[in-house]
Each structure stands twice: as structure tokens, then as C-alpha cells.
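Chains A and B, in that order, are what the protein sequence lines are.
Everything in the first sequence is counted per the working numbering, starting at 44 for the first residue and increasing by one.
Everything in the second sequence is counted per the working numbering, starting at 110 for the first residue and increasing by one.
Think of the hints as simulated: they come from the structure by calculation, not from any bench.
Errors might be hidden in some of the hints.
To be verified - Keeping only pairs whose Cα atoms sit at most 20 Å apart, straight-line, the calculated EDC-like set for lysine to aspartate or glutamate is: (1) B/563 to B/330; (2) A/70 to B/566; (3) A/635 to A/354; (4) A/421 to A/492; (5) B/563 to A/521; (6) A/421 to A/521.
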Amino acid sequence: MSATTFGWLCLACPLVGTLVIAALYPKLASLPSQTAGWIATGAIFLAFLAALGALIKLQGLSPSHRETTSSLWSYAVTAGVNARMSILVDPLSVFMILVVSGVSTLIHLYSISYMDRDRGFGRYFSYLNFFVFSMLLLVLAGNFLLLIVGWAFVGAASYLLISFWYRRTTATRAGIKAFVINVVGDVGLVLGTFFIFNHTHTLEFLATFHAAPHVFSKGSGAITAGCILLLVGAFAKSAQIPLHTWLPDAMEGPTPVSSLIHAATMVTAGVYLIARMHPLFELAPAAQDTGAIVGALTLFIAGTIGLVATDIKRVIAYSTMSQIGYMIMGVSVGAYAAGLFHLMTHAFFKALLFMAAGSLIGAMGGEQSLNRMGGFRKAMPFTYASFLIGGLALSGIPPFSGFFSKDEILLVTVERGGWHWALYVIGYIGALFTALYTFRMIFRAFHGEPVTEARELMAGHQHHVDVPTNPATGEEEDTEVGFPGPAHTIAENAWPMRIAMGMLALGAIGLGLLQIPRTDFVIDHFLAPTFAGASGYTIHEHTAKLALGLSLGTLVGLAGIALAYRIWVLRPGTSAAAQSRLGLLYALFSNKWYFDEMIDGLIVRPAAAAGRFASSTFERVVIDATIVGGATALVGAGSTAVRALQNGLLRYYAALLAVGVAAVGLYFLVQS
Amino acid sequence: MPPLSYLIWLPALCGLLSAIVPVPRTQRTREHVIAGAIALAGSLVALGLAIWVIVGYRAGAGLSDVTDTKWIGALGIYYKLGVDGLNAALIGLTTLLFATAVLASNFRMRTERAPRARLYYFLFMLAESAVLGAFLAQDLALFVAFFDLMLIPFYLLIGIFGSGDRVRATLKLVIYTLVGSLLMLAAAIATGVLASQQHGTPITFALSSLQALPLSKGSQEWIFLFFAVAFLVKMPAFPLHGWMPDGYRAMPTEVVMVFSGVLSKVGAYGFLRIVLPLFPQAAVHFQTLMLIIALISILYGSIVAFTQTDARLIAGYSSIAQLGFITLGIFSLQLQGAQGALLGMVNHGLVVAPIFFIIALLAARAGGSEDIREMGGIAFRAPVLATIFLVVALATLAMPGSSNFAGEFLILLGVFESKRVIAIIAFAGVVMASVYALRLFIRTMHNRVSPTVKSRELGLGDGLVLAPLVAALLYLAFYPQGALHRSEGSVDSSLAGARAALVEPAVKPGAPSTLTTQQAAAEEEEAAAAQEAQESAR
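Kindly produce the complete structure, drawing on both the sequences and the hints.
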């Protein structure tokens, strides 16, 4: 089998999984309780095996032939548009499908236990499989149209899972918000495609990249507009400023969903997009600069919000935004391999952090506020260890994986020269924030005086709430459908969760070994065929600079941890004092820089007001009264006539019509 | 291949049969069952015939299965029918929607008291015949005749079988459509007469003959406007949609299914079949005007749709927006845009009919109210209904992966190539579609359960009505090419005149049309060759 056959197989597995679960849906109740979960996990695992098959087949080809395409049927081939059902299997897409299917397998496994008591168990897994299918479609797509399809499917799957507990109005509102912002991104992607198609006259990636240098001059208006619009798509999906507001709200979904979709895979699609489109972005330096600046701004702003947020899932969500900021900045300045490497390590340690947080939330009986947590270190040693490993990797402490990936991005950034040094500085400030908010979570949730829930757990009882309430509103939950209710599973008690977290922890510890300076650079070499034409793609052998960067990164990370230790362990009053001293800043950060309010005031409210005006006033006054009312006299006269018709003439009229039509019809039947 | 006349008149004949078939006195209470069964059989056979015709139509074959008889010889009016890429998919849509609507009527009348069922089926089937006639007519006068015949049964269906303020609704509909019809009648007569005067030929209304007798630019312009008003009312487009809110609310569910699903397409189809080939210079002259009307329809329909609380009106105003996209595609005067518009017509029919049907199902679960404020949480005991509704809602908002998206993509690409700014503004409609479609879904299916709501699963009958529609939707989602490849040649020749006029407004339309098609073909060959060269170079 060829690499593309494995690619198609990889796509087919999760789709079949979704359909099988959907077909079994009515019978699920009579089957063993976890059937749907195991079907789904198996399907994703098969997809992972197919991805491995694609990898092996691809590595068997010579480096210059590692771009293979395959097309099944014509999707929309008309009027010069050539959209086929085609995939592109090359090192970049294989890299992505490996990460996606690998991490997804583990998160599916985790979910089997985590969602065990949930009444929507089957629905959950069919959605989750559909998500993986969409994500694989996104990264395997061989042309713009299919990319857009995968892009939108991923958004839809994300919507379905965010509002999974659909009786919660906060969840459905978060869902529609995520969906609509993602549609804004889709529009950017489609419009960007138009600008590019307009010149290249093809939707196929390889043909586009081949033609681009000939039809676009570097920095021309069309390519810059096209790439900036592609960036709009990337920003919306990857939660970059100002299209990020949906991501924190997306934490309404079940925690494994946050782990898979809103940390490890979907939100990194923007990074993939820029890397995939690098032949175009290299022709549009202005777009590259835009990406780099927005990435840097996002990593900074999200870091500041992460420092003050109190909901543990939201802290991790802002951390995700911030880390994706690094990746976006990286691939925008030409650090493709470094950005993608960070994508991979981040997928592992961030998924791990969310899983550990899910376990913690389970132990708290659904409570997510850091203010209520404390002292879980002894009560949940496994969860604590996982969280700590994830936290150290996130903070970039050696030898954990985040240590190797983040600093490489910053190094390439500063090498671009000029004003890029500012991004470099912001990158290190962001790293300080990262270590600070990460260990703020660790110290507040796991250290200090054990809270009631932690003491109960140490005594062997897991805390349950009698009446589950929505943590966001305090409203009593409607547990009739979908909501897990009082029972929560924690990692300490469930082996699938422990296996999944253990594997991710191993990745978070060891994956950095793939890119040890001067020794291997596995990722760089593997991805080289995809980026062969990229001007900035050099494999870094200048270890002196890299060593300096790595040690600087380590120092910043350690400083952040030390500062966190001082604030939240040594002198617990420091945080409150800082809050009152820096009141304005605190207000800015804790109100999330007022982005929600800005979008609400500038777009949502005016649109709603226009809609209300059109519905109530314009329709009535102009359309109805003026246009219809102009004929009021006619209406009056007509109504009398119709009433007469209805009363007596109707039968006569209908009969007449029938006879007439029948006569005409018969005539032509005879004639023809 | 059966003559197209069979396809057209069979439904009316069955309708007539169901109206006059003798029912024994003892079976009077079951009158509606017998009438319904006959109508259903007729609509299913019509569907079968339509599929036969579509499958038999070879892509790029031009007008096929032509029936051509003199009707009124002295006036040059022909009973001329024919199928080509423009109407093949639309007759499929028409027969499919009518068959499902008749099926739905059968099921509804089992549970409801159904007075005057015979009349109902007679009118319904007559309407099907008229719509099919309008799609298949290849003579201008015949088209006008079918177009007007199509409206009469609907006036009566709303006036007699409607609910709520049906008299007012009927009157509005009559006034609007009558004005449109009269304008169109005048314009059609003028077309024939002026063509014969200006060229000194005997009078004729056959479309193929008229196309060879182009009118002067001045005549084209006013005639264009008359036709445009008639078609835009039918769609409806802003600001000619005044009849729509009352009309859609008053219609019985099955009637609104076919009315919004099929009749609105006759207007859009009229632009492609009649206006663009016969009045190409006027189409170019008024291109911007039409694009702006379309654009306003998109934006206006969308913003009204997301503030409405009546579920039917959400669907109604969203149709204004979606028909706006279709108009936009046609008047991009680009092959991509018009191809997308034609695909969009089929897609819109396939989503709006199930939406209206689902709204009726939802209302049945929400204590009879069609107000979304009184719905909520219906998904709970109805996973299949929720899934189908979700698929339809996502297709309505033209999510990529649906055929609706393929259509919208082509439409916007066409507009992007001709009038870039309008395309960019139109994208706002894409975003707003996601708001109104998801809002409708969430407010009815999700959130807390309303006090009046009793959730229950789709019945078998309801499932049978929805299944063919959803199946068609999914088929096209995987393979939009299935609809696109048949229509390309016909759409191209429909646009040829206008595109020639775009390039060089001074030359006579009609004559250079073949030239441009040849040019386009040559260009395509060149592009294909270049691509091959590129690929071999790799």
C-alpha cells in the first residue's frame, strides 16, 4: 500500500467509528456500558496505526519524492474550479496526523472513565470521533476547498462538544460564540483562497505553491491580502487576538474535550495552516510580520490574564492561547520546524495538564475555582505528579520537552534582526508569566492546607455534591440529560485515566530528546522535504547561541517558579497586596482586557439593534404600510371578492378550472 | 424516453382523478385516504419519470427530449418543451419535494380532520403540473401561461386550507404576484411583437427563435425590468417580499414546503432561462442594480432572521437571504457564479422544505406554538430528529462540506471575479447565516425544557418524509459534481450573450455568443495543457 492509501485509511477509521456508534445508538443501552467508548478508542487507535503506516511508507521514498497526492473523485470541477476529493501526504501532514491520532487515542481512553457516568456517553464518543475525522481531514486535505471543509467540520465538532451539556444555557451560548467566531475565520480562509485562486487558477496545493512565485511578485497587494485573510482564519481557529474570546468560554465543555480540542489539536490548526502555506507567506512579508506581532501580543496578553484568572480550566485555556502565540510567532518568522515541534510537545503536556485538572475537578465534585482548592498533594499523588510534570514542561525547565521547543522559536525570531528583538523580549516576559501562573495553580491547588474535599479523599471518600450547580452561574443543573450529576471519576481510581496520563507524562518528559542540539534534530530533518523551498529553513548547528538561549530560558523559568513560591507559599499575603497596589492593572487583567465588552459593543449590539429595527419598525412601516398599504384600497375591494369566492363561487370556480385543465391536458396527451 | 408532456400532465391528471373518483357512501369518512393515495401514486410516478429524464440527459447535449407543436399558430406560440442542464436538476427537485409533501399530507390527514381533501389534492397536483410546465417550457408564452397557472392553485390552497389570517395573506399574495404576472405578460407580448417588428420576421414566441432576434438595447431595458419585478416578487427579494411573512405563516406545512422550496426557484430560473439569453445587454446594463438588490436581500434577510421569534419567519427571512445569494451568482455573469446559483437553487429547496416540516414537528411537541421562545430542550428524547435537524441547519448556514457551501463558494467566487467589493460585503451574510441557523437550532432543541414542551421521537411517517430529502442533501454534499456537470454547458450558453455584451457592449448579442463559448473552451484547453505541463515538470 502506498502512503496515500494509509492516509485514506487514517481518515476512514474515525468516520466509520462515528457512523458505527450512531447506528448502534438505539441499542447502546442494552450493550455493556462502555461499548461506545471502546469502539471510538479502537477506531482512533487504528487511525494512529494507519498514520504510522504512512510514515513508514513515506520514509521509504527518496526525500525529493515525499509529496504524494491521491484523488478519489471530482468534488466540484466546473468553470475552471478544480476541487477534487484529494489528499496530500507529505512529511508535514504525516507529522500532524501522528500527533493528532496519537494524542487523540490517549484522550479517548481517558474519556472512557471520565465520562463513564454521563448519560450522553454514546453521543459524546460519536462527536469525539467526528472531531478526529475532521481534524485529520484538515491536515490531510490536498486542496483549498477540502482544507476549508475540514476547517469548518472541526469548528462544528468543537461547537457540538462545547455545548455537549446542552441544558446549560452557558454551554449553548459558549457554543454559538465559538461557532460564529470560527465562521468568521472560515470566511477569512475562503476569501484568502479567492485572492490566491484569482491568480493561480488552481485549488490544488502543490500546483498553487508551484505557480505562486511566477504569478505573484513578492509583497504584491494580492498575495499580501490573500495571506492576511488566511491569517484571519488561523487567528480565529487558534484563538489569537482579537478572535480569541471563544476559547475561555469553550471550557464549558467536558474536560477531556478541552484537553483534546481546545489544547492539543484543533487550536493548533492555525499553526499548521501557516506552515502549510509557507510558500505563499514567504511571498508576503507583511503578512508574516502581522502573524509574528499578533502571536507575540497574544502570548503576552493571555499570560497576563492567566496570572489572575481563578477558574483552573480557564487558567490553562489562557496558557494555551499564550503557547499558541509562540507557535504562531514561530511559523510566521520562518521557524517552521521549531513551531511545529512546540506544537507537538505542547499537545502532550497541555493535554496532560487538562487531564490532571479534570481529575482535580472530579475530586472537587465539579468545582473549578482555584479559590476553593488546596492541599491535594497527598490526597492525589498521581494527579499531583502528572500536573507537576506538565507544569515543568510548560515552564520550560530542563530536561522536560517544553524546554527544547520554546527557546528555538525565540532564537529564530531574534535572528530575523531589526525590530524582532522586541518579540524576543516579549517571548521571555511571557515565559516568566508562564512559570508564574503554572506554579500558582500548583501551589494553590496541591500545596497548603488541605480543603475538606482533600481530607475526605485521604479518608477514602470522594466528595460528592448532592445538588450539582453550574460553576459559572450557580444555577442548579438539569441532570436529566447529559450532565454527569453527582458522580465524578478521578485519575487515582481509574486505570484508563492513569494509562492515558502516564503515556502523556512520558511524552512530556522525553519528547524533547527528538531535538537535542548538535545530536539529532529529528524533527528538523524529517520535515525538511516539506520546507525545502523555504528561504529561512536551515538546520541550526550554531549551538553557542542556542545554548545561551536555552540557559536564559531555564533561568527565566526557574525565576518564575521561585517568584510563585514566594507569593503563594512563603508569603501568602503578597498576592492580595499586589492586587490592591496595582488595582488598575488587576482590573484590566481580570476583565480579560475588556475584549468581550469591545466586541459586544462594536459588533453584537449594533447588529442586534439593526435586526430589531428591521424586524419591528422597517418591516411594519416601510414594507407593510407603504408598499402594501399603497394598495389598501385594492385589498378592501379584493377581500369582498375573495369572500364571495369562498362562499359560493368557489366550487364553481374550481370545477371550471379542473375542466379547463383536463381538456388542455388531454388534448396534448392525444397530440404527442 | 417518455415525452415530457407525460411528466407535466400526469400529476394534474392524478389530481383530477383523486377529485372525481367515486367513493362508496360507506367509505365517505375515508375519502381523504383514497384521494391521498391516488395523488401520492401520481407524484411518485412523476418523480420516477423525472429521474428517468435526468439520468437520460447527457451532459452538454443541449436541449433534449424536445416536444414541439404549434399551439396558437397565428400568434407564433408553440407548445415547446425540452430538458437541458438548466432545468434537469430543478425538475428533479420539484418532483421530489412534491412527492414528499404529498406523503406528508397523507400522514397529516390521517390524524387530523381533513375536510375537502379531494379539492386539496387536486389543487396540489395541479400546482405540480404547472411548476413542471414552467420549468420545461421552451416558449415564452407557454412559460407565462404555466407561471400564471402555477399561482392559482396556491391562492386557493392558502385561502381555503390556510390557518390564521389566511384571507389577508392570500390577498397580499394575489396583489403582489398579480402585479408581477401582469408586468411579465406585457413584457412577454412586447418581446414577441418587438422582435418581429425590429427584424421584420413573422411573430414567434419560441425561445430559440427569439434568441436569434435580439431586441434593441432600449427595448431590452424596460422589458428586463418588467421580468425582473415578476421574478423578484416570486423569490422573494427585498423590498418585494411584503407578501412573505403573512403568506408563509398562513400556509399549511406541506404548501409552504413546496412554495418556498420550488416556486421561489421559478423566479431565479426565469433569469437564467429567459432574461439572460433574451436581454443580455440589459442584463449587463442592470448588473450592478441587480447585484445590489441581491446584496441588500442577503443582509436584510439575515438581520431580520436573527431577531425573529416565529420559527417559520426565521426560515422565511433566511430564504430571502439565500435567494439573494442565488441572484448574486446569476448576475455575477460569470460561469462560476451562475453554476453556483443553479446548485444553490437545488440546495435551498432541499434545506428549506425539511426545515418547514421540522418546524411543524417541533410545534407539535411544543404545544402547537411555532414561537421559539416556547420551545427548548426538544432534543432530549428525540436524538434522530435532533440529528436530522442539525444536519439541515448546518446545511442551511452553508457549512463547508455541504453542497450549499459548494454553491455559495462558486457564487462568491463568480462575484469576486466580477465585482470584488460586493463579494466581500456579501461575506457578512455568510457569518450572519451561522447566527440565525444555529439560534433556531439551539433555541428549539437545546437549553432548558420549556413548560409546554413534550419531547418525543420522530414518528415513522415523519421519518419517511424527511429521509429522501436528507438523503438527497447528503448525496450532494459528497458529490456536488453530480448536479454541476450536467448544467455546465447549458449555463454557459445561457450566459454567453451577456458575457459577450460585457466584453464589448457595442456588438450584437446572439451572434458572438458561439464565438465566446469557443474562446472559453479554447482557454480551458490551454489551461489544462499548462497544468499538465506543470505536473510533468514536477
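For each hint, the structure was consulted:
| no. | hint | verdict |
| --- | --- | --- |
| 1 | B/563 to B/330 | violated (56 Å) |
| 2 | A/70 to B/566 | holds (15 Å) |
| 3 | A/635 to A/354 | holds (13 Å) |
| 4 | A/421 to A/492 | holds (11 Å) |
| 5 | B/563 to A/521 | holds (16 Å) |
| 6 | A/421 to A/521 | violated (33 Å) |
In this structure, the hints that do not hold are numbers 1 and 6, in rising order.
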